[in-house]
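Whole structure, please, built from the sequences with the hints as guidance.
Number of protein chains: 4
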Amino acid sequence: MIVVMKPDATPEQIQHVIQLVQQLGMKAHPIYGTERTVIAAIGSKRDECRQSVASSPGVDSVVPILAPYKIASLEVKPERTVVRVGPLWVGNSHLGIIAGPCSVESEEQMLATARAVKAAGATALRGGAFKPRTSPYSFQGLKEDGLKILAVARAETGLPIVTEVLTPSDVELVASYADVLQIGARNMQNYRLLEEAGASGKPVLLKRNPAATLEELLLAAEYILNAGNQNVILCERGIRTFENHTRYTLSLSSVPWLHQHTHLPVIVDPSHGTGHTALVAQMAAAAVAAGADGLIIEVHPNPETALSDGFQSLSFKQFAETMALVRRVAKAIGKQINTLEPEPAEALSEV
Amino acid sequence: MIVVMKPDATPEQIQHVIQLVQQLGMKAHPIYGTERTVIAAIGSKRDECRQSVASSPGVDSVVPILAPYKIASLEVKPERTVVRVGPLWVGNSHLGIIAGPCSVESEEQMLATARAVKAAGATALRGGAFKPRTSPYSFQGLKEDGLKILAVARAETGLPIVTEVLTPSDVELVASYADVLQIGARNMQNYRLLEEAGASGKPVLLKRNPAATLEELLLAAEYILNAGNQNVILCERGIRTFENHTRYTLSLSSVPWLHQHTHLPVIVDPSHGTGHTALVAQMAAAAVAAGADGLIIEVHPNPETALSDGFQSLSFKQFAETMALVRRVAKAIGKQINTLEPEPAEALSEV
Amino acid sequence: MIVVMKPDATPEQIQHVIQLVQQLGMKAHPIYGTERTVIAAIGSKRDECRQSVASSPGVDSVVPILAPYKIASLEVKPERTVVRVGPLWVGNSHLGIIAGPCSVESEEQMLATARAVKAAGATALRGGAFKPRTSPYSFQGLKEDGLKILAVARAETGLPIVTEVLTPSDVELVASYADVLQIGARNMQNYRLLEEAGASGKPVLLKRNPAATLEELLLAAEYILNAGNQNVILCERGIRTFENHTRYTLSLSSVPWLHQHTHLPVIVDPSHGTGHTALVAQMAAAAVAAGADGLIIEVHPNPETALSDGFQSLSFKQFAETMALVRRVAKAIGKQINTLEPEPAEALSEV
Amino acid sequence: MIVVMKPDATPEQIQHVIQLVQQLGMKAHPIYGTERTVIAAIGSKRDECRQSVASSPGVDSVVPILAPYKIASLEVKPERTVVRVGPLWVGNSHLGIIAGPCSVESEEQMLATARAVKAAGATALRGGAFKPRTSPYSFQGLKEDGLKILAVARAETGLPIVTEVLTPSDVELVASYADVLQIGARNMQNYRLLEEAGASGKPVLLKRNPAATLEELLLAAEYILNAGNQNVILCERGIRTFENHTRYTLSLSSVPWLHQHTHLPVIVDPSHGTGHTALVAQMAAAAVAAGADGLIIEVHPNPETALSDGFQSLSFKQFAETMALVRRVAKAIGKQINTLEPEPAEALSEV
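Protein chains in written order, with my numbering: chain P, 1 to 351; chain B, 352 to 702; chain L, 703 to 1053; chain C, 1054 to 1404.
Since the hints were made in silico from the structure, they are not lab data.
Idealized CB from N, CA, C, for every residue including glycine.
Heads up, a few of these hints could be off.
[What the hints assert, rightly or not] A few chain L residues facing chain P, derived, Cβ under 7 Å:
1) A901
2) S902
3) L916
4) V1031
5) A1034
6) Q1038
[Said to hold, decoys possible] Simulated coverage check for chain P against chain C, where a stretch passes if three residues somewhere in it have a Cβ under 8 Å from a Cβ of chain C:
7) 31-38
8) 57-71
Spelled out as structure tokens, the structure:
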């Protein structure tokens, strides 16, 4: 890290910081500039050290140089992680397409949706049994009954199940039904939940919090990786900005940036990322063109009667049209959906 | 709610929305404008209804009119809630001043801090035993040992304890030591945690998530209130914006706005809200001038050696100076710290 | 517009608003709900009326229903505007590719760049002669000498010139050299400049201000359209958010949203929108997949020695590779670059 | 500045950057860390150098150390600037209170307002004659007739006039009437206008653009200072964020931060900063408590009939109440409004 001293820092303050840096186990390398002294501190990426030095008298600011995440870093593992669960392949040239309703509402609804999205080319089924809702008066999900319905839909279609878990004590239950555990955007920094999901051994789909930087997203992933679970799929789903034409601002530059900094696959949620049915197809296509490793899209037999998120859900017909568009763009950039050809062994992390 | 139809909506689509509104139990009131038809739907604040209508063909947008929170609303309870725990009074003309370190590090540190902040006029002691940390490699808190140290500091100084709880399964343990349960900003929408904290019966300090609107903050409070717990203190602690001169942007207009919409008391955290020791005193004074019912401030015997947040902590001397400034501003606007005169019974919610 | 009264509004206040609405020339349509009265005011999209009513006693808020822009609206002109200047076609199935350096630095630099970008498929040349710079100590452009160099490059390559004008008194000079006047993001609400550019008769490339909503962008375009100039190209170039991995957040959802609300063509600037050379190609591809009508990309013979914006400029080789990617994506979605086939007359606005 | 090389930067790339830094006239100081090489470049704050190095192969990022503004810096001029125009003193212990309507509408309106705000304690009169309006269809101001009305109000009350200038060619005209030229938020980076206002010799009130960092605000001020005009008053008036309970987010931490980095006085606009009459008084008090050197507040004889901004204007009675509150807070922190005691000569910049 680089310690920038104030212009009026005294020689004693500078000396004090040098000693502090050394006490913290780093090498101190002072550089006396024309207007400021800066001290390069070599050898640690620990946040505590940065904070400690930042509190010293005469210090103006501290600039970290090393990324604080480790296991998630492309420097540590240069081969890309491919998460593979049945027909769901996410990573490298494979696009994973996860589709389904916001909430599991009934067996009829889930079976119809599962059949329709499979026919259109989806490779996994989503559906919420435990729902995080902004208001306590909103529908909170069917809970375990919802999980059972998902299992029925999987048995019928072969599609693996991606479903959300809200709290650490539910991880065991949800993991007993789900193929992939989803950690929602509100829970990206629910650290006990990240640790439990990590310990479960199930692949985890980690959604970016709408106020999180990409570094914070990778540090959240690091909690899961650090618990011994290497199958983490990152998901960009929009950030909070001043824009009011969409529910969130879908920040697609996160896709290539993440690909340049982590080996983990990155998918995009154009449904939450826009909040409007009418924008989903174009943003799905854009996400794939930006290099996304997959999509997660809300689809409902009848969006108008959906118990949640109908305004951003696609009908079966709209989903099929979106898939046709996505397929053309994917092909143009050398990606494919649902191939059966094996990956090279070293790049593959099988589940 | 107001349903705005698209300019090219057909009579059939308009008729369909009218029927849908009626099926959802509301009265439909269509207004045929020069360029658009809008339909006023009277009688529900349920979010599901809004979403359902928003998904109908021909609908451009749906504008909610009624606030979705109920128990938190000033309309429902026009008397202001005053939360009172020993010398900590928060609400009406009483400023509650909660001070202490980010993390409990040792008995020596906590006792020294408790004595110093009490001497300077604080009315409650803060200190984290369970710490939510962005990185899994950062100090995670002393856990129950930290709670025991807090109890020692309370026994010695009489200051009630405000400390954070991170996960539902810890609520019982933390509540057995704490006088006020703190729900941190990252957990504002951790609904199971809100429900457990609500059920505990302990007063709850609920911090605003840096990406949350004030409506979302009130809906999070509603989870706690709905569990039967009326002693909720809201806390503004800064939002995520593009600004880079502070860690967050402390949005003080939230204080008067909340006072105009809810009966719950509102305090401000100028430490996290700025992220810089050098800005804390002025923003504490500004918060009080804006009408805040209290402050929560990080204080450490030696910020330079703090295990977390030293860069935004005040030393004992800085805290005493801040309190002198705050006291002058409080007096100027008719507020006081730590009075022993009783509140009028109807405005008081004792614990 | 919809006037929402406060819950405690008196009958006199409600009556007063009804009269005020009528005085302002609108029809008032009161709706008495269970908790609130709302008044639908029919017949005006003027902002003054909204503000006036919003100031009345007992009014809680006013919700506009009609879009405040007129000529820019797709409702007013359902055929898409195609701007065509020599080989630059922007709109419908034609992608306009504008490429060149941030600043005109020398004839040698411009000629080399013009030849290279033309060879790679660009259809117009960009280059700044008048530069808006955050610091007064930065290079401010070659001014008229720069315009002359641009004219030389056009004479040699046939590429039309897109260049920025900063202030109303320069419009005549810049318009005497340029084929398309660029209004930069900082000047999106420089209304005298918009009016002058409108009056010049030249096509105008209007960049979105990084803090502007799309409605504000369309209202800025309305100043130009209202001056009698129909050849306006909108440009998404990133908004200011909390994200720090890019210079701005490129909000690609603006492309389909604008296409659903205005007939004007929309291009994307992935260079400013990301601020990093390494992210430009993917975001260019994503923009085209989202339906953009073109791209504006910074290209420099030697980014390292550029007098401005080198860190986000592409080398000739990088630009050629980006064009190859863009061409594949464009083809996949039925778009083309630089065709000579005529457009259907009704959809075409020739210059 | 600090040049951070990529982890895989080659020795040749590192050597190349060292040479480039030296060619740019700086000293290069390489530091070989455990995972990265960083190169400290000593001796320049020019943005061009930073950009040039940032474009070199193998460079990951460049971190500037020195602030890019010079004349505005507290390091260059440690004495605080006090701007003084008749009864308007802005800076040090003096609060300048600028009040008046958004737009000049009539002589009657301006005279009534001038008398009322003077009686309540204002020290200058605001009123817009040239209005920047988001929509071309909104009221654009009375132009020179408005300036004449302002002059009449000044002649009658003795209050100096603060009024906005929109475009360089109007500076001479507006300066012939105004005592202080206002540069609005939309024009903060209208560089030709900043230069003209600087050259006019009149004091300039420079409002922060809602998307500008404080560094960008100081660089905009630098354009005026660099034109030889030292009488610049900065104004915080709210930034664009995701918050929807206010028109902008008033970021009061900018006040103490600016005081710690520049000698220029800083005032606050709680009218635009909130957009709601009901929030103005509390935010005015908070601004003063945060250390603001003054306020600019919208006041109108009858907000309901205002041609602009009525919803955020105070009535005469509301303004008098706000002033009473502000006066109490000012006194509590040792500030005063409108004193006649002279300032120490060295800290005073008279007009």
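Hints, one by one, checked against the model:
A distance limit of 7 Å between C-beta atoms decides the matter here; for L/A901 the minimum to chain P is near 30 Å, and the interface restraint is violated. Among the interface hints, the one on L/S902 is violated; its C-beta lies about 30 Å from the nearest C-beta in chain P, farther than the 7 Å criterion. Checking L/L916 against chain P by beta carbon gives a least distance of about 5 Å; that is within 7 Å, so the hint holds. Interface hint status for L/V1031: upheld, as the beta-carbon distance to the closest one in chain P is roughly 5 Å, under 7 Å.
Nearest Cβ of chain P to the Cβ of L/A1034: about 4 Å, under the 7 Å cut. The hint holds. Checking L/Q1038 against chain P by beta carbon gives a least distance of about 14 Å; that is not within 7 Å, so the hint is violated. Proximity of the stretch 31-38 of chain P to chain C, defined as three or more residues with a beta carbon under 8 Å from a beta carbon of that chain, is established by the 6 residues found. A count of 3 residues in the stretch 57-71 of chain P with a Cβ less than 8 Å from any Cβ of chain C is obtained; the coverage claim is therefore met, three being the minimum.
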